[in-house]
Amino acid sequence: MSDRDPDLRRNAPKLQLHVPEPPFRPGDTPDFSSIQVPAAGEAPRPDSTAAAAETHSLATSLVRVLDDDAKAVGPWDPKLDADTLRKMLRDMVTVRVFDDRMYRAQRQGKTSFYMKCTGEEAIAVAAATAMDRDDMHFPTYRQQGLLISRGYPLVEMMNQIYSNRGDKLRGRQLPIMYSDKAHGFFSISGNLGTQFPQAVGWAMGAAIKGDSRIAMGWIGDGATAEGDFHSAMTFAAVYNVPVILATVNNQWAISSFSGIAGGERATFAQRGVGYGVASLRVDGNDALAVYAAVQWAAERARSNSGPTLIEFFTYRAEGHSTSDDPSGYRPTNEAKAWPLGDPIERLKSHLIALGEWDEQRQEALVAECDAAVRAAQKESERRGILPQQGNENIESMFEDVYAEVPWHIAEQRDASLREARD
Amino acid sequence: MNMIQALNDAHKVVMAADEDIVVFGEDVGYFGGVFRVTEGLQKQFGKTRAFDAPISEGGIVAAAVGMAAYGLKPLIEIQFADYIYPGYDQIVSEVAKMRYRTAGEWTMPMVIRTPYGGGIFGGQTHSQSPESLFTHIAGLKVVVPSTPYDAKGLLISAVEDPDPVIFFEPKRIYNGPFDGHHDKPVKPWSKHPASEVPEGHYTVPIGKAAVVREGEALTVLTYGTMVHVSLAAVEENGIDAEVIDLRTLVPLDLATIEGSVKKTGRCLVVHEAPRTSGFGAELVSLVQERCFYHLEAPVERVTGWDTPYPHAYEWAYFPGPKRLKHALEKVMAD
Ligand SMILES: Cc1ncc(C[n+]2csc(CCOP(=O)(O)OP(=O)(O)O)c2C)c(N)n1
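Chains as they are written, first to last, in the numbering used here: chain A, 1 to 422; chain B, 1 to 334.
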């Protein structure tokens, strides 16, 4: 054991290590009544140019707009017109349908891997809606809603998922690790957290150049434990960077609950407090609250009032990825017990409450989105699915390592072509 | 037993024997790790001896440094070798240097396990083979098993070793050996002699290679998944090659390598990591320094390409029997 000096032995109490445990494990009945869900409309809304310290109480509450009757209430109500609300609803439904189709495609062996964002659709979709079209996102693998909201063609997304002939990333990235500069979507890295300080750097660049565009960085609750999270916060605070930093707290990081990332001790939004960064904690299943918070943070960034850390409080309703089986570590019905409800249902009910929507139109919308996704899938699959790829155009594998192909890579390219011919 | 089960068993053996061994890493506690290597440890040994860590490879390694300084023996998991880089500073600057910079006052007896390598359609961030980044660092031992038997025996040795050991687990062969033919069914470990894994404590020494096939015509130096690919290629080409599974890259078993190359006069080096500055470069230098006058042909290397790991081109990237055939012919030609 330890090399403690026996002469220094004291009669002191035994120290104990605390290893956090989630409240429920497989077989338990989930009960989220201990989660504090403040009433919609309760959280105050400081001016977006307010000092960071004025926001710090918002790091422990929860910004909510939609109440139990699906009415928009309180100072954070963004007062969106019905067309915008319907567009968000359509995008969220598209994301869900898209996820289901692609999940199935993976199960059918058409691709190697997929990750759904079920239950989190409001977050990326409403954030994209609240930002300007030319702002830049540094996303994780669970923000497919950003692309869909910005009108990125579904076929392009699927080509990437199938690594097929239409894949503009040329079969190099894992499915779902999209990249599209024109849609303001930075290349997704498999290495957690790396994009978070990069978003800060992009926004610093914009500030150095006197640009008017801002950046938004994204990270999961689990990945906030990476050093990169803290680098991002430090740089954002030091240079008062025009950036929005979003932590999506979906309660789970593969099999580890948010307590393993420190969520037992403080909210994720509270991490902004120590850095002197404006901090908001937001109901991530409430599209209007998400919109309002991002709109506020964007105004703040654009007026050179500083960065904002936003925690979106939500729940990962499905497995981590197609390689994960969550029934091994949490109750199977936990998602249903989640107190903030389903984001699509909530937005739909709101539109219905406004008299701007009804169940028939919802049904038609789902059918329409489903048809659009199926059509895109057909079109994409015409260009191939993953198991058929990787035999032709092998030389493309050796391009883009450097701007020009150096001798050693050219030699290897020729060897690989010879190997393929043999 | 497959390799995952053998590694799991090794954990149980060492943890039962030594209360100072502490196992942690992302998802390793309740769930038993995404590859299930640590399954059941928390149940058997309690939460403070096998637990989940925050997603912070730097934090995981640094915490292991502190625990080792206290007097414990951390046996930690980095979920994929591709994610070891945030912990790299701690490994290189702290773990590797501690014994030296304190003239032995502080030592770092720990094992850092991590699954490495491709062949599972994991794309560039679940497929890398970064072993040479660690063999280049003085103070670390680097181990790569290729069978369940060796995996268990080597892991037990690694835990009992007084120095820090980086333990690379070839995930392509976690469940069964692989001969490089992704289009043909492969034999599971249960149908393979190497799957015989004894119960209880035994060790496979660190620093000792295994001659997995004896031969006279040529020496193949390899490790990890490529041991199986090499064996298949040698058989298919009817070459009387001696295949050596290095098992430990640092410290290397020079005597076995030297003896074999001097006997056969020809040498082929095979690894799955990219070629430039790969561990193969080290092997070729050693062979030419020590066996030059016995060589009848230049030493050849078969490796992965010098590109990031491409998702859809996995099988054109991954070294298989075809790539070996060409090199075997070349070495045997003169
Ligand atoms: C540096 C690094 N370490 C580990 C992993 C493996 N890994 C992939 S996703 C994941 C969990 C991430 O959880 P969280 O950040 O909460 O995001 P979520 O998946 O919940 O959206 C882990 C551990 C990785 N991709 N990168």
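Don't take each hint at face value.
[Unchecked claim] Here are the computed lysine-lysine pairs in the DSS-like style, where the Cα-Cα straight-line distance is at most 30 Å:
hint	chain 1	residue 1	chain 2	residue 2
1	A	K14	B	K12
2	B	K208	A	K336
3	B	K43	A	K14
4	B	K262	B	K191
[To be verified] Pair ranges (Cβ atoms, derived):
hint	chain 1	residue 1	chain 2	residue 2	range
5	A	A420	B	H294	27 to 37 Å
6	A	R374	B	S93	46 to 56 Å
7	A	D400	B	G46	19 to 29 Å
8	B	G66	A	A403	38 to 48 Å
9	B	S93	A	N391	42 to 52 Å
10	B	H294	A	Q108	24 to 34 Å
11	B	K208	A	A420	35 to 45 Å
12	B	D89	A	Y239	20 to 30 Å
13	A	D211	B	E236	53 to 63 Å
Bear in mind the hints are in silico, worked out from the structure with no lab data behind them. Beta carbons are placed, not taken as given, at the ideal position from N, Cα and C, and that holds for glycine.
Kindly indicate which numbered hints from before are broken by the structure, ordering the numbers from low to high. 2, 4, 7, 10
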